[in-house]
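Participant: The lines below spell out each chain.
6 protein chains.
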Amino acid sequence: MLGSELERFVGEDLGEWDDSSTIIPDNDVRASIIAKEDCIISGLAEAREICEYFGLAAEPLYDEGEFVPSGSRVFAISGNARKILQAERLILNFMARMSGISTLTRECVLLAGAAHKSVRVACTRKTTPGFRIFEKKAVFLGGGDTHRFNLSDAVLIKDNHIKILGLEECLRRAKSRASFTKKIEVEVENYDDMLLAATSGVDIIMFDNMSPPQISEGIRLLSEKGLRDRVLIEASGGITIERLAEYAATGADVISLGCLTRDARWIDLSLEMD
Amino acid sequence: MLGSELERFVGEDLGEWDDSSTIIPDNDVRASIIAKEDCIISGLAEAREICEYFGLAAEPLYDEGEFVPSGSRVFAISGNARKILQAERLILNFMARMSGISTLTRECVLLAGAAHKSVRVACTRKTTPGFRIFEKKAVFLGGGDTHRFNLSDAVLIKDNHIKILGLEECLRRAKSRASFTKKIEVEVENYDDMLLAATSGVDIIMFDNMSPPQISEGIRLLSEKGLRDRVLIEASGGITIERLAEYAATGADVISLGCLTRDARWIDLSLEMD
Amino acid sequence: MLGSELERFVGEDLGEWDDSSTIIPDNDVRASIIAKEDCIISGLAEAREICEYFGLAAEPLYDEGEFVPSGSRVFAISGNARKILQAERLILNFMARMSGISTLTRECVLLAGAAHKSVRVACTRKTTPGFRIFEKKAVFLGGGDTHRFNLSDAVLIKDNHIKILGLEECLRRAKSRASFTKKIEVEVENYDDMLLAATSGVDIIMFDNMSPPQISEGIRLLSEKGLRDRVLIEASGGITIERLAEYAATGADVISLGCLTRDARWIDLSLEMD
Amino acid sequence: MLGSELERFVGEDLGEWDDSSTIIPDNDVRASIIAKEDCIISGLAEAREICEYFGLAAEPLYDEGEFVPSGSRVFAISGNARKILQAERLILNFMARMSGISTLTRECVLLAGAAHKSVRVACTRKTTPGFRIFEKKAVFLGGGDTHRFNLSDAVLIKDNHIKILGLEECLRRAKSRASFTKKIEVEVENYDDMLLAATSGVDIIMFDNMSPPQISEGIRLLSEKGLRDRVLIEASGGITIERLAEYAATGADVISLGCLTRDARWIDLSLEMD
Amino acid sequence: MLGSELERFVGEDLGEWDDSSTIIPDNDVRASIIAKEDCIISGLAEAREICEYFGLAAEPLYDEGEFVPSGSRVFAISGNARKILQAERLILNFMARMSGISTLTRECVLLAGAAHKSVRVACTRKTTPGFRIFEKKAVFLGGGDTHRFNLSDAVLIKDNHIKILGLEECLRRAKSRASFTKKIEVEVENYDDMLLAATSGVDIIMFDNMSPPQISEGIRLLSEKGLRDRVLIEASGGITIERLAEYAATGADVISLGCLTRDARWIDLSLEMD
Amino acid sequence: MLGSELERFVGEDLGEWDDSSTIIPDNDVRASIIAKEDCIISGLAEAREICEYFGLAAEPLYDEGEFVPSGSRVFAISGNARKILQAERLILNFMARMSGISTLTRECVLLAGAAHKSVRVACTRKTTPGFRIFEKKAVFLGGGDTHRFNLSDAVLIKDNHIKILGLEECLRRAKSRASFTKKIEVEVENYDDMLLAATSGVDIIMFDNMSPPQISEGIRLLSEKGLRDRVLIEASGGITIERLAEYAATGADVISLGCLTRDARWIDLSLEMD
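Protein chains in written order, with my numbering: chain H, 10 to 283; chain C, 10 to 283; chain E, 10 to 283; chain D, 10 to 283; chain R, 10 to 283; chain A, 10 to 283.
If we strip away everything but chain H, and leave its shape as in the complex, we get:
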C-alpha cells in the first residue's frame, strides 16, 4: 500500500502520544498471530508492511488465500516489544477483516462451482469507504472476481439511464463516448432489451433482480438467436448464499454478491507473545 496510506492507518490507531506502550521495557520479543477458527487467510502482505513500518521482522507462515485450520500460527513477528503492542491492533484489524471476506468468498466460489463449473463469483462496490482496495483484494484471494473498482472501470448502463433515454440512445452514446478499451455492460429487465443489447454488441448483459428461471429463459433465447457466445451474462441483485447454487445453475457467467463485502464476519485472530 502507499506510504501515505499506511501512515494514515497507523496514525488512526496510535493517536498523538501513546503512554501505554511506554510502560513496558524497551526490549525485543517474539509474538505470533493465531487463527482461532478455520479460515482462508489474507491480509498477510498488509501485515508485513505494517511490521516494516514499525521496524519489526515479519514472517507469514501461510500463503495468501490458503486454508488455515483453527489453532494454527499464521504469522510470526519479532522485534521491540513496544512496537509490537503498537502494531498489534492494526495488523489484526487488517487480517481479521480481510480473512473474513476471503473465507466467505471461498465458500461461495465452491458452492457456485459445484452447480456450474466455470461460473465466477464477483463482489460489488458495496464496500467500506476508504478500504475498498483491501476488500476487493480479499475477494480475489478467496477466488472471487473483483468486479469494477470504481465508476471509471467499465460503462454500466442502468435502469435509470434507460428510463431517461431509452436503451438505443444509451448504447449509441456509450459507444461513441467511451474509450474502445472499456467494456460496456447493460442492465436489462426484459428480453427485448436483452436482445437489443446483445445484437448491438455490448460486452456484458446484467440480469438484475431476476429469478433463476427468468435468467435461464433469457440465456435460452440468446442461444436460440446465436448470440450467447457474444456476451457475458451477469446475474445480480439480492442474491443470497442460500440461493447461490440455484443462480449458478442457470448458466450465467458471473454471479455478483454484495454480501461478500457487506456481511462477512471477522475471523477470530489473536496476537500472543511467545
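A couple of the hints might just be wrong.
Copies of the same chain are indistinguishable here, so a pair counts whether it falls within one copy or spans any two.
To be verified - Distance condition first, Cα-Cα at most 25 angstroms in a straight line; then the derived SDA-like pairs of lysine to any residue:
hint: 1; residue 1: Lys-172; residue 2: Leu-204
hint: 2; residue 1: Lys-45; residue 2: Arg-229
hint: 3; residue 1: Lys-172; residue 2: Arg-252
hint: 4; residue 1: Lys-92; residue 2: Glu-21
Hints are computed from structural coordinates only; laboratory data are not their basis.
For chain H, the structure is supplied; the task is to place chains C, E, D, R and A on it using the hints.
Facilitator: Below, chains C, E, D, R and A without anything else, positioned relative to chain H:
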C-alpha cells in the same frame, strides 16, 4: 469530515474518468433514499457532506440515531442527474454501514439496559482501518459508548504488561509517565490484582474474559472493601449478544463488545429517482 | 479537479510570498484571454476552477472542443487585479497545453476520418507525469479516444509477456486472473499469433509496428476466417501524421498515436487587461 | 523528488489493480534503456528514484546533461520482471520529456554562445502544470538558466503594472515592499522607462517584444550614460530559434525562450529486456 | 515523526532549488552541534530523523532531557557536506526551540518540587500551531506534564459552559455524552461550585485565576468534607515563574503554566564543521 | 493559507472527538478578542480564515500591523457557540504569536530608524518549523524585512564555503550556477574578502559577528574605493536589541536579528463571550 478525507472517499468510487454518468442528460432531478428494513439511521451528516461536495441539495428526513420503519424515505436529494449517480454508491455505503452499526448498538443498549439500568454498552478498537471515526460515531448515535479512539486516549495496562513487569511496577510507571489528564485502566485476571489496582487508585478495572459469576463476585469483593465507588468496572472479551443481559446483570458499569463494529450487517437502503 | 490538486498547481506558480502582485492597487478589473492563432480550445473548465480558487468571476466564451479563429476572445475574467495577475500564468499554461493537444487531435481525427469513416484516433500513456488526466481530456475534447488511463484499465499482453510465457499461457492467465469487467488486448507480431488471439476470444488485437499493407493483409485473413467482427483492431507504433491516412485506410478500428500528447505545440494565448 | 510526489506519479500510471503485470513470472531480469536518437540525456536521477521505489537496481551509464549518440544504452535496470514492467512507462516519460528539453536547450545555448560568448539562454514559467521543477532542471542540465521558479522568486514589474501606477510609483513600491534579498526586474517598452529604471537601481531590465536593432540601440544608450554595467539586460518575447543568434548578438545578457519548455519534442527512448 | 510531516519541514527550509549548497564540493565531512549555554537538551530524536532523511550518519552524545553544560558537543553528524548544510538550519531550529522549552520546564519543576514534593508542572494548549507535539514532548523531557493534546483528550467544563447552562446541567451532560474512558475536569470560581463538582464525581477541579491563599482554603474545605482524595486539583491562569513556588505550596496536585511553551527562549546552539 | 494547511492546524487542536463543546447549547452567540496589553496586532487574516472554516462571521476591528492599546477589542466573532469554542484556542495561538513578533519588530524598527533613517531590520531563518511563513509575515507587518524564506531564495556564500574553496572559486561557481534572477550574498570576515566580493559584483555583503566599529571601518573602505553604492551591507550575528542602535548607526543597509522570531513574547489576548 475533513475536506481531504472526503476527496479520498469520492476519488475511490469515481476513478479517473467516469463514462457511465455522461450517458444521461445533464439536467436536474429528484431522488430519495429509502430504508428497505427497520433501522436506527445514521450517516446522515456524512451523506449531506457528500451531496455538498457534488453540488447537490440534501435534506435529511429523520434525525441521526432515530428509529426508521421499513419503507420510509430517509433522505431527499435534488440536483444534477449525473452528479446524483456519481454520489449514489458512496452515500449508500456510508449510510448502510453506519446505520447497521447504530441499529445493532441500539439493540444491545436496550438489551443490557433491561438487565441493569445504568450500564453502558461500548465498542472497541476492532474497526475497519481508516473508517474508525465513522464506526465509533455510529455506535454513539445508537446510544453506545465510543471507548478509546486510539492508543493515546487512556492508559491501558494489559496482561502482557503485567506479565513482564508485574502489576505494581506497571502502576508506578503509568502514574509517573502519563499525563494527569488521562485515565488509567487495568485488565485483571484475578481478585488480588483487582484489589491492588483498586487500592492504587486506578480509574477503571477491566474484567477480561471472565464469566458473569466471576465478575459478580469481584464486584462484591470490591464493595466489601469499600472500593466499589472508586473505580469503574468494564466487562470485556468475547461477549456475545446472546449473553449480554447476563453480563449486564453483574452490575458492571460498562460492557464492551467487539461485535458492534465487527459483525454489524449493512442496512438495506436504496436510492430511487422520483 | 480535486481541491488538493488545484492547491498544488497554484502553489507551484505562486511560491511562498509574491511581492510583484502587491505592487498594483487592490481594485477590480476585467481581462480577456485571446487566441493568437486558430485552434480547438480546451482547458476552459480548468481555467474556471482556477478562477474560482482566486475568487474571480469567469465566463468561457466558447464551448470546450470548439473551433476558435485567431484573434478571438475565448475567456472573460473579472475581479481583483492582483488575483488576476496571480492566476494568469497557470490559466494560460493549462489552456495553451490542452488546446494544443485538442487541436492536433482534431487534425488527426479529420485526416483519419477522411480515409476511413469510422476509425478512432487514440492517444497513449506517453504523457507528462502528473498531468495525464488533462492531456487525455484534451484528446477527448479534440475528438480522440483516451485509451487506457493506467495499467489497471485493461489487460495488455505485450511482446515481452509472450516472449517469456508464450501466447497461449499468457491468454490462459489473463482470462483466469483478470476481472470479467476488463478487456484483454494482445500485441501481435505475426498472423499465427493474431489468429490464435482472435479464436481465443480476446477483445482487441494490436498490430504493433506493422506497415499498412501488413495490417490490411491481417484484417483480410481475419475476415476470411469469420473472425473480423469479434475483435477490435488497433494499429500502433511510430505512426506519424504524415502516414496516418494510409494506416486509417487499412480498415483498422483504432489508430493510436503517441505524438498527440508528446509533440503537440502549445497554442499561443494571451491575457489582456480590458 | 519528495516521497509523496513520487507516490503520486507512480499511482497515476499504475491505477488500483494492475492485472497485466501479474501475467508474467515473478523472476529477476535485466533491461536497458536505449536512446533511439542523438540527445542530451537528463532525468537519470528521477529514473533512479523510480527504480528505488519499485525495489529495482539502477545504473545510469551517462552523466546528466551528457551527449548520447543514437543507439546507446543509457540506463541499466535489474530486478523483478513485473516491477520493471510497472516502472517502464513512468521512467520513459520522465527521461524522454526531460531529455527533449535538455537537448533543445543545449542547441540554443550553442547557437547563442556562437553569436555572443557570455550570453545566457533562459526558460520561462511556460511549463506543464505540476512538472515545472523537472522541466527547469532539464533546462539547467542542458546548460540553460532556470529563470524564476515562481512569482515569489524576484519582483517583476510588467507593462500592466506600469500602465496602472506609472513606473516611478511601481519602483517606489517594489523597493519598499520587497525584501532586500530579491532582485527587481522591469519590463520596458521605451528608452525613457529604460533609463529611469537603470538610474533607479533596478537589477534587471527586460526588453519585451523588441527587435534586435531596438535592443542594440537601448544597450548603446545605457553605455553612453554609464549605466550598462549596473543592470542585466534580458531580451524576451516571441524569440524563435531561427532568430536567436541575432538576439544574442545584441549584447543582451540573457535571452529567454518560452519554446524551451513549450515546444521541445520528446526524445525517442525505449526499454529493452536483455 | 511522520514521513509526510518531515517532508513538509524539510521543504519549508529548502525551497525548490538550492544553489548555495552546490557551491561546495560533494564530499564527506564531519560536524558537531555545540551547546553555547547550559541547557536541558531535547530534540535529539528529531535531529536524528532529519539526518536520516538527508542520508547522514547521526550520533547523539547526550540523552534526551539530560543536562548539558555550556560548550559541550551534543550531537555528531557525518556525511555529504552539501547535505549537512541543507539539514543544518532545520536541525538547529528543532533542537534550539525544544531544548529551550525543556530547560525552562526543568527549572519550573525544580522550583515547584522544592515547595511541594509531588506537585506536577504542566503546560497548556498555548503552543505554536503545527508544532504542538514537539513542544509538548519538550515539556515531557524537561520533566513536566503534557496536559491535554487537544480538545478531545478530556472533557473540560469552563466558565463559559457554566454561565450558559449552570454547573449541574453541564455535569449531567458531560457524564452522559462523554465516553467513560475520559476524565472530566471543571473550572471553578467559587467554593460552592467546587463542592458540587467534587461530590458529583468529577476527576479534576481547576482553580482558575485564584490566588494561592484562595486555593489553600479550597483544598482545606475539600479535606474537611472528606473529598480531597477523590479529585485532582489543578491551579491555572496567569501563574508566573516568580510565584510558582507559592502556588506549589498550596498543595495543588498540578500547576499549569502557559509560559512553558509561550515564553521559552531558544537555546543557543551552533553547528561546526570539524 | 492553503486549505490543507488550515485543516492540519484545526485537526491538531480538535482531535478526533470533542466532547466538551457538545455540552453547551447549539445556538448563536457573539464574542470578542480583547488585547490585554499594548501591541502591534497581526494574524487577523489567519483568524478570519479559521472563522470561515468553522462557519463563523468575523470582523477585524483593526488593520494588520496597526498599534492596539491595551484593553481594546480587536476582533469580533459571531456564530454557533460550539464552533466558537472549538476555534478559540487556534485563533488565539495565531494572533498571540504573530502579534508578539510584530510588536517586537516594530520596536526594533523604531529603534534602528532613530539611529539611521533608511536602515532595514530583517529576521532570519530561525523560525518554528512549519510556522515560518506566519512568523515572517508577522515581521513584515511589524515593518521588518522578511529576508530569505528558504535556501533557494538567494545564494549565500558562508564561512564554511570559503574555508573549503576560497572566495574566488566560490564566486565563480555561484555566478555560473545560479540563475541571473537571484542575488548573491557573501559573508565576510576581513576587509580583503570584502573588497574582493565588492569588486566581483556580488549584490550583498554580510558582516557576520563584527563589531560596530569594524563595520563602520569596512563601509568607509568601500566608499573610499567607490564601491559602496554597488553593494548592500547586512550586519548580522548575535545582535541584541540593546546594541541595535549602535549597529544601525554604522550605516549598514540591513540589520538582521534572529531574536525577532526566536525570543518574541506572546501578546496576551483573550476571547470573551459578549
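Participant: Hint by hint, work out which the structure violates, then give me just those numbers in ascending order.
Facilitator: Of the numbered hints, 2, 3 do not hold.
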